[in-house]
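What follows is each chain in one-letter form.
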Amino acid sequence: MQQIDCPWCGVRDEQEFSCGGELVSRPRDPANASDAEWTDYLYFRQNIKGLHTEVWRHTAGCRMWFLVDRDTVNHSITAIRKLQPGVTSAPEGEVNE
Amino acid sequence: MLQRYSLLSLFKNGLTGNENWQPTWRSVEPKKSYDVVIVGAGGHGLATAYYLARNHGITNVAIVDKGWIGGGNTGRNTSAIRSNYFYREATDFFERSLQLYEGLGEELNYNIMLSQIGVMTLAHSEHEMEGIRRWANAIQINGVDSEFLDLEQIRKELPILNTSVNARYPVVGGFVQRRGGVARHDAIAWGYARRADELGADIIEQCEVTNLLQHGGRVTGVETSKGKINAGQVVLAVAGHSSHLAAMADIKLPITSMALQAMVSEPLKPFLNTMTVSSVCHAYVSQSDRGELVIGGSADICNSYAQRGGMPVVEENIRALVELYPCLSRLKLMRQWAGIVDITPDTCPVIGALPMSGLYINGGWGTGGFKAIPAGGETTAYTVAHDSPHPLVEAFSLERFRSGELVNEAAASGVAH
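Residue numbers (our numbering), protein chains in the order written: chain A, 1 to 97; chain B, 1 to 417.
Chain B extracted, bound-state conformation:
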């Protein structure tokens, strides 16, 4: 029986020196065979396992990962959550994800530290403001909250933002999605892992997939560093390495892997009460619960699997930050890192069946996979359980690149990439 987390359990375990907590998930060796093997124990893989069990009763599931839980992009993002997309297909999907996030802490009995601090997108010229009006209107038409802000409102809400008319990129207005925000990225992985484990899924870390086994045009399992594991169905939830895994089944994808960097500063007292995004200055920034500023920007310029980025992008991000908040010019950075992201031509994900029976993909998340975790898991689980795409991800099939029905969301990613 799973130990429930509560104020009472915290108190009781505190009294006994915190030595009686149960492990959050089991450490297991792989069985010979599973109904479903999920490759990648990041947010999307773990969420897929959880929803397979909870929504579809499929519990004979293994999640294998070459590293550890949430050690890839789930632990390397800026934890931004928003659903302010432009096209209905993307808006519906990401809005579903945001709604799931809003109830996730309670559902998982795990504090995901969701802070709906709002995401404020800034415009730096009248022309950009026109574009932002069109964007924010589209969001409202799609039934999601968004609010225009004129310069006076922005000055009132964010007095420390550089709104001087003499700024190199003067702010003229913007819009905000108040329900957007941030969550604790590790907690998403751990919370889903804990519940998926409780419902029967085996989480197998340090288990690298080296080949996809196939027979008669159907995937039959995976070859791993811990031996062969047979599977009825296999899900690739390895964004960043999607092409690398798919190539094991001779499948080419419309994906390029690139490094996306982020960085955090030394902690400061709370002073920034929203996430600000500037496409022109090319940065987004929020303040974490620990007081650190979390800063992200554009991807590095070329193909990479290196999980580290170059200094030119760091410099660009910092320049943008100081342009927006001149008061931060003497701030020290503590850490800087990169994750490898799947970039697709239309910056929308690829979810669904691959051209091999029994093989599915959850990838192509570009620079925005974190916010998609709950809906990504839910729809991937549905797609696997029914062997037919969930209505929310029909538009995100691999087939769209052949039929030409791309969902060109490039305009609505937070900053240009």
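Okay, chain A solo, but in the shape it has when bound:
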């Protein structure tokens, strides 16, 4: 069982959370983004073997999105950060559940 330290609620079991997958940034200028940019945003992923940054939501708690630096091989979490305005944006729409 992975345990995740929600920045607002503290350490909880993974079952309380949803994983939104690796961090991807929406096109900065949606109105003028090309089809290729939307395709990259929607479908293509780095899918890193090792340490990467992903987004999680405390679905059964505060329902807030936050960032987790987690190793995809040994599952160790090295950092958890609140989503700050301007740092990056949370994914909208569907979550991989």
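To be clear, the hints were calculated from the coordinates, so they are not data collected in a lab. Check the hints yourself; a few may be wrong.
Residues from chain B shown here face chain A by an in silico Cβ test under 10 angstroms; the list is partial [as the list claims (entries may be wrong)]:
#, residue
1, K226
2, I255
3, D300
4, I301
5, C302
Quick caveat, the model's predicted, so the values are computed rather than measured. C-beta atoms are modelled at their ideal positions from N, C-alpha and C, and glycine is treated no differently.
Add chain B to chain A, keeping to what the hints say.
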């Protein structure tokens, strides 16, 4: 000359203490250069090598693997075989695979222990039954066998299933694909390995690919833990690690790697004569020839390359099993494991050329790569030999994510993922 397996050979070798069997495949060191190098000696890689030789006469082929034959997802699945998909593209492909499986034991001269016990999908509400009618009708329209079952028929065929109206998720009906079933997963890898080896392909185990060599926009070989191997064409058949290998050529894929778990119980006397699948209870279960129950369910919740899963999914699977079969509540589990699967946005595979000349992929199998092995190998071999996609996999190109022509098969995977 390959030693043929038969009742007579079994008898003769039995009389001589089983000491005169030939090795099933050669153990070789890599040559400097091959026409085709296949990365990944799982079912798909080995089948690709076999069909390259048999169908296209391409025998100067190496299959390299960082571990051993069939040690990845080929040895980590629930060995389910079915072709009850929804869209024509997927149905045609998986039906071809099922047909190849039906003749594979004879073709390979290797007992793959195919048991067409049928795959029964259960509905737990009238609304789900509506969806299942639509699904089963689509299968029939696509020319594949599927049969509706009402509650009485299910009770007759599976008396031990919990069909009480007081169940938490009462069964209301379902459908069955009678030709679906299971096969011996290791035998698929070993059978293809044996025949590919006989036809001239070199199988090189313990040989990890560390880089893809390229020159002028074309792949020229692989750098491995056993040195450099030049190649005219390179095939990545490494589902679970597709993104990791493709990244060596700076190619991003629409794939996320996740852990999918399965487990087996202690052996029981034969009592379950079909595979049952429940999307609502979230489990599928069959009984192996050894009597063990083979149980699978949903993937774990986040990206993983760890080949082990978390307990919450195990608990969910067991809860589902006991809901369907309350008589199993005191059953002990023997083993539990996970494989790393390639999840694509439309849950269909990615087969064909990658955006680098001479480089091909056979991956993106999601949670259903085992059933696809024969057709996956056949179509990948064709695609490599002709440098043009096999008609059955035109719809599964990487390009579909750019053109928007996704084949959204999410509704037809056995259980939701």
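Hints and how they fare:
1. K226: Not OK, violated: K226 (chain B) not within 10 angstroms of chain A, min 21 angstroms.
2. I255: For I255 (chain B), the interface hint holds, since the closest Cβ of chain A sits about 6 angstroms away, which is under 10 angstroms.
3. D300: Hint holds; D300 (chain B) Cβ to chain A Cβ min 9 angstroms, cut 10 angstroms.
4. I301: holds (5 angstroms)
5. C302: holds (4 angstroms)
This entry does not satisfy hint 1, going by the numbered hints stated previously; all others are met.
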